[in-house]
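Taken in order, these protein sequences are the chains called L and E.
This note's numbering puts the first residue of the first sequence at 1, with every later residue one more than the last.
This note's numbering puts the first residue of the second sequence at 374, with every later residue one more than the last.
Just so you know, these hints were derived from the structure itself, not from any lab.
The C-beta atom is built at its ideal place from N, Cα and C for all residues, glycine as well.
Worth double-checking, as some hints may not be accurate.
[Stated by the list, open to error] Residues from chain L that keep clear of chain E, each with C-beta distances beyond 12 Å, as calculated:
# : residue
1 : VAL59
2 : ARG315
3 : SER327
[As the list claims (entries may be wrong)] Here are the simulated EDC-like pairs of lysine to aspartate or glutamate, each with C-alpha atoms no more than 16 Å apart in a straight line:
#  : chain 1 : residue 1 : chain 2 : residue 2
4  : L       : LYS154    : E       : ASP497
5  : E       : LYS858    : L       : GLU165
6  : L       : LYS369    : E       : ASP876
7  : L       : LYS50     : E       : ASP592
8  : L       : LYS56     : E       : ASP592
9  : L       : LYS284    : L       : ASP234
10 : L       : LYS167    : E       : ASP876
11 : L       : LYS369    : E       : ASP592
12 : L       : LYS38     : L       : ASP79
13 : E       : LYS891    : E       : GLU397
14 : L       : LYS217    : E       : ASP876
15 : L       : LYS217    : E       : GLU877
16 : E       : LYS858    : L       : GLU60
17 : L       : LYS50     : L       : GLU60
18 : L       : LYS2      : L       : GLU165
19 : L       : LYS369    : L       : ASP342
20 : L       : LYS154    : E       : GLU491
21 : L       : LYS38     : L       : GLU90
22 : L       : LYS50     : L       : GLU75
23 : E       : LYS891    : E       : GLU878
24 : L       : LYS50     : L       : ASP79
25 : L       : LYS369    : E       : ASP584
[Claimed, not checked] Listed next, the stretches of chain E that the computed footprint assigns to chain L, with coverage defined by at least 3 CB atoms under 8 Å from CB atoms of chain L:
#  : segment
26 : 438-444
27 : 501-513
28 : 644-650
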Amino acid sequence: MKKLGLIVNPVAGMGGRVGLKGSDGAEIQKRARELGAKPESPLRAIEALKVIARLKDQVEIITYPYEMGEVEAREAGFDPRVIGSINSGETNPEDTMQAAQDMVAAGVDIILFAGGDGTARNIYTAVGSGSDIPVLGIPAGVKIHSAVYAINPKSAGEAAALFLEGKAVNIREAEVMDIDEDAFREGRLSAQLYGYLNVPENKKYVQSVKSGARSEKAEVQGIAAEIVANMQDDAIYVIGPGTTTRSIMQKLELPYTLLGVDVVLNKQILANDVNEQQLYEFVKGKKTHIVVTAIGGQGHIFGRGNQQISPRVIRDAGKENITVVASRDKLVSIMPRPLLVDTGDPELDRQLSGYYRIVAGWQDTLMYKVGTE
Amino acid sequence: MSRDRYTRFRKFHQAKWDEEIIFELSVPGERGVLVPKAEAAVAQEVGDGVSVLGALKRNQAPGLPEVSQMRVNRHYLRLSQETMGTDVNIDISQGTCTMKYSPKVQEHMAARHPGIAEVHPLQDAETMQGVLEIIYKTEQLMKEISGLDYFSFQPGGGAHGVYTNASVIRAYHQSRGDYKRDEIITTMFSHPCDAATPNTAGFKVITLMPDENGFPPLDAFKAALSERTAGIMITNPEDTGIYNPRIREYVDAAHAVGALCSYDQANANAFLGIARAKEAGFDMCHFNMHKTFSAPHGCMGPATGAVGYKEFLSPFMPVPRVEFDGSKYVLNYNCPQSIGKTRSFLGNFGVILKSYMWIMQHGAEGLKEAAICSVLNNNYMMKKLKDTKGVVMYYDFGVGKNRLEQVRWSWEKLQQDTGFGTGDVNQRLSDFGIQHYWTSHHPWVVPEPFTLEPCESYSKDDLDEYCGVLAEISRECYEEPEVIKGAPHNGPTHRVKHPEINDEELIAVTWRQYLRKKGLKK
């Protein structure tokens, strides 16, 4: 029998309806309740679980007590195995982390969780990037910058069901991101890339032979080959974070940071994981190329998870020396919305807008629009 | 095949057997044909016929199946009864493939007429004047159909034709001393070979993603154009079935920067006899003779990509060119600027012959009628399918409201409502005696896609039956999910898990691989 680990962050999403831009922290949750906020995520979890209910006899749900999953599972018609303990009505991030660890220990096949970016971050902290166990988010939070979420509760349920049935067993790495809520409330947006979690591939079936479908992995290898083949001598290459850009560093056989910015010159590493100041020192006045990919569920090429590549760094390199890399599937998942720039400098954002040739493979580019919203 | 009195669905069941692979039928020593030993007089001249092979002789006999003639016959007849296709069922499922009726007299001519079947491609041109005459006359017909000036039938398929055109584009620019043009522009809803084959030919390819209307944005196209653009390779109508009414603006913009325009006319059933590549401003084009002109195709079988050019590109066409000198037909290899030969001999002559016959059977008015009829059939089906629960028609507004010969449909709503997507519906189709449909090229821009092309061959009753089956499957998805989960029911094998058949480690495409992977033989 397959085992599904279920974690519901019962307070996720409460801050949204009442205009609090997030729900992290006990104080904010209290204010949200005072403003009349109702828990959103239990309802969303139930919606997702109802899709999985068709596998009721083939899947055992392992979950935490009360509102952290037990109630939702029963509501959807399951008879869950309940582990752990919580203070009902006063759950906190530690409960989410403990629950995730307990589920890994219980040997679940997949962890399905309802929450927002904060919840995804807690799960990431608990299970780490080394974990083989796939996870999938039911979007219920105010902030959804992370790419570990399905587009809606129903499709989360469907993707989990397909995975448990063995129909969609491919796994991809998806970004875990979170923004600083306090800064956001003050009008500043600072999104950080925390890491990657394995999620089930949302494509349901492999395509037939006629489609000539290449795997995303092969496409990414083509992207790396294309970038490396066109690298110019004596020019600084700023390689942004992400799994697609990582392939370039792997192709060059250089050490890399998945979450940070690396600097390359003449196919040799200059520095790994530089901060903004260090980066600017490297590129100032030099011939520079910036290679970035779309980060997070919204498809940001600047301003989310790669703030080290600041407005002055971008200006110094020049728009014509920015290369955006992304697989076809990634762009299709964003269509018809444009890729986004949010550097914090509106004038620069405007200049960076327009059509780009997105490198999608070996000698293979896609014309795609970059915009500000 | 009898039909239910009320629902009109067929009481279909596939062959109940799962025919063995012919290697499994092999019995050591069993023979279909016993080859006699050489007579003494012959042996005296050339030996036993084996030793002359010298080093070419195999050390081991080839691992062929050893089966008698009668059992071979039974095997293939049983296999043929397990298939589905145009000659067995309503085959409007293969959108973009134009699965029209292929008159059997064509087959008879191509396969049995001694003047055709007994010709050897290496014969002297003077001894196969009839074959050359047919190629020459087909060229004259295709010139009229497209408005262009010269045709070659060398390429062995549509993608091969596009590859040939990419090669001609390069030869043209280089003949003018222009070596910097190394980019080809195409669109996401054009056939993938418009991107893949120029890429294989060495070009950098830029693909335009569709906008919210389903069209390649003109401003994106203009942003992609430069002095590096060698050409554009574009399908119209695209695989959505939407005709881009502004195509002339794309062509003019490309010409303005010195690029050539190549028209992928694999979807020509939409406008045959109505619109031509010439009037749309294109410099070159290709047709799929095995689709639009009925010569059958499938299973990667013989095909012909007819490639057409304006006068100024003719020096670069493939050789040999079939010409008429006033008294006889000749093969002209003397074309110094030609890209050369793109296929052995004269191409797939059987396909050219069948296409020639089909065009002659129809005449100019008939071709036009075929296009009108196929657009009418598609629009009739569109009206019916739009009302089917769970079906979504993307770009169903503005120009997109009107489709030509096909539609790329979506089961997105069905998937959201029931969890069943296009793959599930596809599995169930065969239970009704209809072969699986074509979903979409990659990537799936239209989610949960299926592409239907009811060309001119199908009757109203056929279309009603097909739409009825889809409506019934939709009903089952909503009301009887168990039926869908277990489908197909009326066949010898049940659902095959897709990851498995896509896993290179698990699948075996040859008998030898099968034995090795099963651990039966090293």
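Okay, the hints, checked on the actual structure:
1. VAL59: 14 Å, holds
2. ARG315: It holds; L:ARG315 is separated from chain E by about 22 Å at its closest Cβ, greater than 12 Å.
3. SER327: 9 Å, violated
4. L:LYS154 / E:ASP497: 69 Å, violated
5. E:LYS858 / L:GLU165: This hinted pair holds, its Cα atoms lying about 11 Å apart.
6. L:LYS369 / E:ASP876: 35 Å, violated
7. L:LYS50 / E:ASP592: Answer violated: L:LYS50 to E:ASP592 is near 45 Å, above 16 Å.
8. L:LYS56 / E:ASP592: Violated, because 52 Å separates the two Cα atoms, which is more than 16 Å.
9. L:LYS284 / L:ASP234: Since the Cα atoms of L:LYS284 and L:ASP234 sit roughly 14 Å apart, the hinted pair holds (cutoff 16 Å).
10. L:LYS167 / E:ASP876: 13 Å, holds
11. L:LYS369 / E:ASP592: Holds. L:LYS369 to E:ASP592 sits at ~10 Å (cutoff 16 Å).
12. L:LYS38 / L:ASP79: With Cα atoms ~25 Å apart, L:LYS38 and L:ASP79 exceed 16 Å; violated.
13. E:LYS891 / E:GLU397: 14 Å, holds
14. L:LYS217 / E:ASP876: 14 Å, holds
15. L:LYS217 / E:GLU877: At roughly 15 Å apart (the allowed maximum being 16 Å), E:GLU877 and L:LYS217 satisfy the hint.
16. E:LYS858 / L:GLU60: At roughly 20 Å apart (the allowed maximum being 16 Å), L:GLU60 and E:LYS858 break the hint.
17. L:LYS50 / L:GLU60: 14 Å, holds
18. L:LYS2 / L:GLU165: 9 Å, holds
19. L:LYS369 / L:ASP342: 14 Å, holds
20. L:LYS154 / E:GLU491: 63 Å, violated
21. L:LYS38 / L:GLU90: At roughly 15 Å apart (the allowed maximum being 16 Å), L:GLU90 and L:LYS38 satisfy the hint.
22. L:LYS50 / L:GLU75: Distance ~9 Å between L:LYS50 and L:GLU75 Cα, so the pair holds.
23. E:LYS891 / E:GLU878: The hint holds at about 11 Å.
24. L:LYS50 / L:ASP79: Answer holds: L:LYS50 to L:ASP79 is near 13 Å, not above 16 Å.
25. L:LYS369 / E:ASP584: 10 Å, holds
26. 438-444: violated (count 0)
27. 501-513: n = 0 at 8 Å, threshold three: violated.
28. 644-650: violated (count 0)
Of the numbered hints given earlier, the model fails hints 3, 4, 6, 7, 8, 12, 16, 20, 26, 27, 28; all others are met.
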